[in-house]
Amino acid sequence: MKFRPCIDLHDGQVKQIVGSTLTDNATGLSTNFSSDKRSSFYSAMYRQDGLTGGHVIKLGPGCDQAAIEALQSYPGGMQIGGGITADNAEFWLTQGASHIIVTSYVFQGGRLLDDRLKDLASLVGPDRLVLDLSCRKKGDAYYVVTDRWQKFTELIISPETLSYFAEFCTEFLIHAVDVEGKCAGIAEDLVVDLGAWTPIPTTYAGGVKNLDDLIKVRDLGQGRLDVTVGSALDIFGGSGITYREAVGFNLRQEGL
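Counting from 1 along the sequence shown, just add 3 to a position and that's the residue number in my numbering.
A couple of the hints might just be wrong.
Said to hold, decoys possible - Distance ranges between label pairs, derived from CB positions: (1) Ser-33 / Gln-111: 25 to 35 Å; (2) Pro-204 / Leu-254: 18 to 28 Å; (3) Gly-251 / Ala-47: 15 to 25 Å; (4) Thr-245 / Ser-166: 16 to 26 Å; (5) Lys-121 / Lys-154: 21 to 31 Å; (6) Thr-245 / Ile-159: 28 to 38 Å; (7) Gly-112 / Gly-251: 44 to 54 Å; (8) Gln-225 / Lys-140: 18 to 28 Å; (9) Thr-173 / Thr-88: 16 to 26 Å; (10) Ala-47 / Gln-111: 30 to 40 Å.
What the hints assert, rightly or not - Simulated pairs of lysine-lysine, DSS-like, Cα-Cα distance not exceeding 25 Å: (11) Lys-154 / Lys-5; (12) Lys-141 / Lys-212; (13) Lys-212 / Lys-140; (14) Lys-141 / Lys-121; (15) Lys-154 / Lys-185; (16) Lys-185 / Lys-141; (17) Lys-185 / Lys-5; (18) Lys-141 / Lys-5; (19) Lys-140 / Lys-185; (20) Lys-154 / Lys-121; (21) Lys-141 / Lys-154; (22) Lys-219 / Lys-40; (23) Lys-141 / Lys-219.
Think of the hints as simulated: they come from the structure by calculation, not from any bench.
Here a beta-carbon is modelled for each residue, glycine too, at the ideal position from N, C-alpha and C.
Whole structure, please, built from the sequences with the hints as guidance.
Structure, rendered in structure tokens:
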């Protein structure tokens, strides 16, 4: 179990956004942090500290150049997501991405497009494909959401769902959208389920507020989940956990 770094891009700038407010209507957007530093500043720092498996996420248009800069500053060290399709997947791999992350491309009208998923896995190889199954709770279940996390699909996070998708990818990235960016605590029930159900490496994101929450993810997830932290980190304007604490957490896990 380890901490994985992130670089979230919006309008070409490194930002931390409350996930549930990310819509096409910019007036409703809630932003926790906007950086005056280039994306490459962060990826170079992650490279220096030996952090692997992080992700660059493009939250809408106007982010391609910043994403390229981040990837080229840490070749093979970070994954790329946001608007990835079969038409551009190989381009992003040539820019230095270790993996591509897909979600909305393999869904339409709330339903899974099996052919797209299989074609993409065939194109880049399952070992370079990460499936984003970010989700929101409705009733007693978590449903995969797409299109900037605003549209519910028919797909429920379950042992069967995770087992099926594991055939086509090497990892899952799963944001708990309802708590994403709020620094108010993790979605503990989702962490417990993912730790019990996932058959492949999985990164959980959403709600981490301090170092204790990293430990909660480790323990509730049975040591089977990695975790990413955004708004709570001091490098993104947060006060709950310092970047150095997160790096130290990884070093301690490696020593166990």
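Each hint, compared with the structure:
no., hint, in the structure
1, Ser-33 / Gln-111: 25 to 35 Å, "28 Å, holds"
2, Pro-204 / Leu-254: 18 to 28 Å, "20 Å, holds"
3, Gly-251 / Ala-47: 15 to 25 Å, "20 Å, holds"
4, Thr-245 / Ser-166: 16 to 26 Å, "38 Å, violated"
5, Lys-121 / Lys-154: 21 to 31 Å, "22 Å, holds"
6, Thr-245 / Ile-159: 28 to 38 Å, "37 Å, holds"
7, Gly-112 / Gly-251: 44 to 54 Å, "46 Å, holds"
8, Gln-225 / Lys-140: 18 to 28 Å, "21 Å, holds"
9, Thr-173 / Thr-88: 16 to 26 Å, "19 Å, holds"
10, Ala-47 / Gln-111: 30 to 40 Å, "38 Å, holds"
11, Lys-154 / Lys-5, "30 Å, violated"
12, Lys-141 / Lys-212, "24 Å, holds"
13, Lys-212 / Lys-140, "20 Å, holds"
14, Lys-141 / Lys-121, "28 Å, violated"
15, Lys-154 / Lys-185, "20 Å, holds"
16, Lys-185 / Lys-141, "19 Å, holds"
17, Lys-185 / Lys-5, "21 Å, holds"
18, Lys-141 / Lys-5, "29 Å, violated"
19, Lys-140 / Lys-185, "16 Å, holds"
20, Lys-154 / Lys-121, "22 Å, holds"
21, Lys-141 / Lys-154, "12 Å, holds"
22, Lys-219 / Lys-40, "31 Å, violated"
23, Lys-141 / Lys-219, "23 Å, holds"
The earlier numbered hints that this structure contradicts are 4, 11, 14, 18, 22.
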